[in-house]
Structures are given as C-alpha cells and as structure tokens.
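Trainee: Residues per chain, in single letters:
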Amino acid sequence: MAFLGPYAVIFTIFIIVPIIIAVLLSFTNFNTIQFPDFVGLKNYISLFTYDDVFMQYVLPNTIKFALIVGPLGYALSFFLAWMLAQIPRVPRTILALIIYSPSMTVGVAMQVIWLTIFSGDKSGYLNSLLMNLGLINQPVQWLQSPQYLMITMIIVTLWSSMGVGFLAMLAGVLNTDPELYEAGYVDGISKRWQEIFYITVPLMKPQMLFGAVMSVVSTFQAGYIGVLLSGSNPTPQYAGQLIVNHIEDYGFLRYEMGYAATISVVLLLMIWISSKFVWSIFGERE
Amino acid sequence: MAFQGTKINPRRFHRSQIKFYAILIPLALFMSLPIIFIFMNAFKPPNELFAFPPRIFVRNPTWDNFKALFNTVTQSGIPVSRYLFNSLLISLLTVMATILVGTAAGYVLSKKQFRLKKLLFEINTLALMFVPIAVMIPRYIIIARTGLVDSFLVHILPNLAMPVGLFLVKQFIDQIPDSLIEAAKLDGANDWFIYGKIILPLTKPAIATIAILSFQTAWSSVEASNFYINQESLKNFAYYMSTLTSSTSAIAGQGVAAAAGLIMFLPSLVIFIFTQSKVMNTMAHSGIK
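In order, the protein sequences belong to chains A and B. No gaps in the numbering here: position 136 of the first sequence is 136 in my numbering, and each next residue is one more. No gaps in the numbering here: position 256 of the second sequence is 256 in my numbering, and each next residue is one more.
Calculated from the structure, these hints are not laboratory results. For every residue, glycine included, the Cβ atom is placed at its ideal position computed from N, Cα and C. Any given hint could be a false lead.
[Claimed, not checked] Pairs of lysine-lysine residues, derived as PhoX-like cross-links and limited to a Cα-Cα distance of at most 25 Å, are as follows:
(1) Lys19/B x Lys111/B
(2) Lys7/B x Lys111/B
(3) Lys289/B x Lys112/B
(4) Lys276/A x Lys112/B
(5) Lys7/B x Lys19/B
(6) Lys205/A x Lys289/B
(7) Lys19/B x Lys191/A
(8) Lys117/B x Lys7/B
(9) Lys197/B x Lys205/A
(10) Lys278/B x Lys276/A
(11) Lys276/A x Lys118/B
(12) Lys122/A x Lys117/B
[What the hints assert, rightly or not] Covered, in the sense of this in silico footprint (three residues per stretch, anywhere, with C-beta under 8 Å from a C-beta of chain A), are these stretches of chain B:
(13) 8-17
(14) 104-112
(15) 266-276
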C-alpha cells in the first residue's frame with residue numbers, strides 16, 4: 001500500500017477536501033477573518049434571485065460560451081482526427097503536431113500575441129488586414145467593446161482546443177479494425193456518413209467519451225481568457241464575464257468567500273451535469 | 001467492389017487523399033499563424049514591431065529582445081534569470097514526482113487485488129472532471145492552514161495528483177500480462193523489484209505522456225505565484241510573463257514580451273516533438289470503458 005499512499009494523500013488534500021470545504025462554505029457567510037456562520041440556503045437564493053450580474057451576464061455568457069466552444073471544438077477535433085487517420089504517417093504526424101501545438105500554449109504565453117493580433121487600433125494585424133481588404137472602414141475594438149469580446153474569446157478558445165482529447169480520438173480512429181469496414185461494405189454500407197455513424201464512432205466509443213469529458217472540462221476551465229484578453233476583471237460591461245471570473249471577483253476581490261464557494265459549487269454541478277450528458281451518449285451500457 | 005470508403009492509416013499517397021489535404025493543410029496553416037507570429041515578433045527590432053502596416057515576417061532578425069529580457073531586473077531587485085531558474089526547478093521536480101506518484105498508484109490500481117479497488121479508480125475517473133480553479137478558495141484555505149504559503153513546495157505539491165495522468169498510466173499498465181508478474185513473484189521478486197524492473201520499463205510510453213502533461217501544467221501555472229507566494233524571489237517565469245503583458249505600454253515591451261512568450265512555448269513544443277510517438281501509443285489506451 002506504500003505505492004498508493006502518496007497519490008491518495010495528495011489527491012485527498014488537494015482535490016477531495018477542497019470540494020468538501022467548498023460545499024460546506026457555500027452554506028455560510030465567511031469574510032476570511034471571522035469564523036464562518038451558517039446561513040443555510042441564503043447564498044444560493046441570493047445567487048439566483050438578487051445577483052443581477054450573475055443572472056444577466058455571467059450565467060448566459062457561460063452557457064453561450066460552453067454551448068458554442070464545447071460541441072464545436074469537439075466536432076472539429078473528431079473530424080480532424082478522422083481525416084488525419086486517412087493520410088500516410090509522415091504528413092499525418094507533421095499536421096497533427098501543428099494542430100495540437102496551440103493547446104500547449106495555454107494562458108499567459110499567448111496573451112502577448114493575441115493582444116497584437118486583435119489590437120483595437122488600425123495597426124492591429126486583424127484590423128489592418130480587414131481594412132486592406134475593404135471589409136471594414138474603422139478599426140474594430142475586438143477586445144474592449146462588449147459587442148466583440150465574446151466572439152474573440154470563442155475564436156481564441158477554439159484555436160487552442162485540439163488537446164489531449166484530440167490526440168485520443170486520433171489514436172482511436174487509427175486503431176479501428178479495417179476488417180470491420182470490409183464487413184460493413186458487404187452489409188450494404190455505401191455512404192461516408194453511414195460508415196462514420198455505424199462503424200467508426202461505435203468502435204471508438206471509449207475514446208469518444210474520453211475526448212468529450214476532456215472537452216467539457218477545458219471549456220469550463222477556459223474562463224480566464226476574457227480577463228486575459230480585455231485586461232480587466234470585471235470584463236468591459238461584463239461582456240466576457242464567465243462563471244470562473246465571478247468566483248474570483250467575489251473570492252479574491254470582495255473577500256466574500258461563502259458566496260464565492262456557492263458559485264464554485266454551481267460550476268462543479270454544471271460540469272458534472274454536462275459530463276453525465278456525454279456519458280449517456282458514449283458510455284458503455286451495462 | 002462498388003464502394004470503397006475509409007482507408008485507415010494508408011501506406012502511401014493516393015489521389016483519394018487529396019480532399020483531406022485540401023482541408024487539413026489550409027487549416028493547419030491558419031492554426032499555426034499565432035505561433036509563427038510569436039517566433040517572428042520575438043526577433044523583430046522595435047521599428048519592425050511598430051511598423052505600419054504591420055508585417056508578419058521579420059526582415060532583420062535580432063537577439064535584442066532576448067538580451068533586453070535577461071538584462072531586466074524587476075523593481076524588487078530580482079533578475080529575470082531567477083524566475084526562469086525557479087520555473088526550471090519547479091518543472092523538473094514536478095515532472096519527476098508526478099511520474100513516481102502516478103506510476104506507483106497506477107501499478108497498485110492495475111495489478112493488485114483488494115476491495116475498493118474498483119471504487120477508487122472510479123473516483124479518479126470522476127476526478128477527470130475536476131477543475132482546480134473552481135476550488136481555489138478552499139485550496140487557499142488549506143494551503144494557508146498547512147503553512148505552505150511562501151514555500152517552494154506550494155508550486156509542486158498541489159499538482160502531483162494528476163487524475164488524467166493516473167488514468168492513462170493505469171489503462172496502460174492493464175495490458176502488461178499478469179503472467180509476467182506472477183513469474184517474477186515465483187522467482188522471489190518483491191513489490192519494489194516488480195515496480196522498478198518490470199512495470200517502469202514497460203510503461204515508458206505512458207511515462208512520457210505524464211511527463212509532458214505535467215510539464216505543461218507546471219511550466220505555465222501562475223496559480224501558486226499569484227495566490228500563495230508573496231516573496232518575489234520564489235515566483236516563477238509564467239508569473240513574470242503575466243506582469244510583462246499587463247504593462248506593454250513601454251516601447252520595447254512588446255518585443256520583450258514576445259521573447260518571453262517564445263521561451264514559455266518552446267520547451268513544451270520540443271518535448272512533444274520527441275515524445276509524440278509514445279504519447280500516441282498511450283492515447284490508444286485512453287478510452288473510458
């Protein structure tokens with residue numbers, strides 16, 4: 001048991017216990033100085049009834065962001081993997097490397113580049129390009145205007161979403177048994193989409209599920225991107241405010257830890273429900 | 001035969017593949033753009049960085065941005081090389097410790113028989129969904145209570161239990177035949193011998209995979225430096241990088257930030273290039289069943 005010990009201890013201290021504390025704190029009022037006092041469901045009630053910012057901006061933004069980035073990034077990962085599996089090894093390795101590489105650049109490293117590409121004056125790369133093509137007359141405030149911040153966030157996140165899940169799906173497609181395809185043709189499969197739905201996807205269900213769980217997690221975790229791009233928390237007019245930023249806002253800027261913990265619990269529940277959903281699609285039925 | 005559909009892992013080029021290249025190559029070029037930018041900007045002199053209209057490719061590459069970066073001393077008197085040294089040390093220790101902790105746990109969960117084994121692995125699979133930032137407040141409280149604030153260990157300890165890592169390793173160890181371990185036991189081998197001489201050597205691809213995943217986390221994490229460490233000399237390079245970009249108003253700032261960005265990105269890329277075939281091998285066993 002000496003082998004399992006270290007992992008179990010660290011797992012408990014930094015994953016299990018924090019989740020338990022978050023759940024407990026969510027029923028309290030805690031300002032970090034005094035001992036937390038129990039307030040029952042008050043935080044949850046406030047969150048869904050009084051917190052205008054949460055209901056008007058944070059929740060809709062999070063749902064919109066998750067619904068676009070999650071499924072789109074996932075579908076893109078699958079189709080890229082599916083196409084890559086059908087070309088020879090050397091070009092496949094090179095192209096897969098290029099497509100995977102953005103996911104290694106999470107967070108701060110790329111901020112400087114996004115800031116120059118999406119810079120709001122006319123010397124920003126994107127503005128300059130679009131103005132040359134005559135598509136726009138005035139430089140667009142990609143990062144500071146509430147209208148465009150969300151779409152910029154979605155593009156940046158999609159760009160870096162071909163991560164571990166993408167590699168798993170690529171390996172999954174590569175390992176599907178060629179004989180089953182032959183058998184499929186004999187049984188009358190005559191279109192690509194039939195082949196994908198009746199042969200490829202069922203054969204790689206476990207990898208599809210792994211990829212889907214990874215994609216749910218990275219989607220909800222991507223919350224920082226709005227703050228990194230716009231340079232402020234809260235983001236301009238809360239346009240890019242996601243649930244993760246709301247936690248930080250209450251936890252580390254206002255020191256209302258009980259309330260922040262409530263938001264954390266809601267986030268964990270959202271991830272859990274989304275994962276349950278993908279599990280019901282790809283999970284093995286027992 | 002009338003319909004010839006998917007041909008998995010073809011040996012050589014065939015006309016039918018042109019359609020895939022036609023989609024994949026432009027897309028890959030598009031995706032690599034920001035990375036090309038970071039390479040180019042890191043080597044641009046100021047007049048090219050602020051040229052109008054902006055140009056992607058560098059004309060007169062220079063090391064000036066890197067020299068400026070390493071000559072910088074922060075307000076609190078910490079040279080940039082110190083942050084980089086911290087990051088290297090943190091990443092090295094994190095990778096080694098994660099490998100040891102993860103493979104040891106993977107060995108037990110895969111090859112030992114005991115009650116709760118299945119349950120423990122299911123808990124770990126559930127933890128694949130775990131998002132550290134969701135519990136940053138309780139984590140902060142725990143770290144404060146355990147006296148880890150302002151200690152070097154706070155960069156390393158919280159990241160050692162990596163559910164994805166254990167998951168991949170355990171799945172990988174599953175396919176090492178039990179008979180091999182039984183045979184070693186008959187020869188009188190104990191757990192340490194089996195772990196060190198059988199499991200570790202046969203799990204190399206999975207080890208390479210945890211190595212790169214934990215390296216990426218450790219190398220790019222700003223969580224510890226932001227929340228748990230007040231002492232400047234213990235913060236890491238990613239943190240320094242984040243202070244750079246928040247003050248890019250300085251003229252040379254952009255070039256220096258791009259140079260720092262390149263330093264952030266390059267190690268992950270190089271490690272991945274060297275380990276990619278092992279990573280793909282591990283990923284073949286990544287399915288959740």
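Trainee: Take the hints in turn and mark each one as holding or not.
Mentor: Outcome of the hint check:
{"no.": "1", "hint": "Lys19/B x Lys111/B", "verdict": "46 Å, violated"}
{"no.": "2", "hint": "Lys7/B x Lys111/B", "verdict": "37 Å, violated"}
{"no.": "3", "hint": "Lys289/B x Lys112/B", "verdict": "19 Å, holds"}
{"no.": "4", "hint": "Lys276/A x Lys112/B", "verdict": "29 Å, violated"}
{"no.": "5", "hint": "Lys7/B x Lys19/B", "verdict": "13 Å, holds"}
{"no.": "6", "hint": "Lys205/A x Lys289/B", "verdict": "8 Å, holds"}
{"no.": "7", "hint": "Lys19/B x Lys191/A", "verdict": "16 Å, holds"}
{"no.": "8", "hint": "Lys117/B x Lys7/B", "verdict": "40 Å, violated"}
{"no.": "9", "hint": "Lys197/B x Lys205/A", "verdict": "34 Å, violated"}
{"no.": "10", "hint": "Lys278/B x Lys276/A", "verdict": "31 Å, violated"}
{"no.": "11", "hint": "Lys276/A x Lys118/B", "verdict": "19 Å, holds"}
{"no.": "12", "hint": "Lys122/A x Lys117/B", "verdict": "60 Å, violated"}
{"no.": "13", "hint": "8-17", "verdict": "holds (count 7)"}
{"no.": "14", "hint": "104-112", "verdict": "holds (count 5)"}
{"no.": "15", "hint": "266-276", "verdict": "holds (count 5)"}
Checked against the numbered hints given earlier, the structure breaks hints 1, 2, 4, 8, 9, 10 and 12 and satisfies all the rest.
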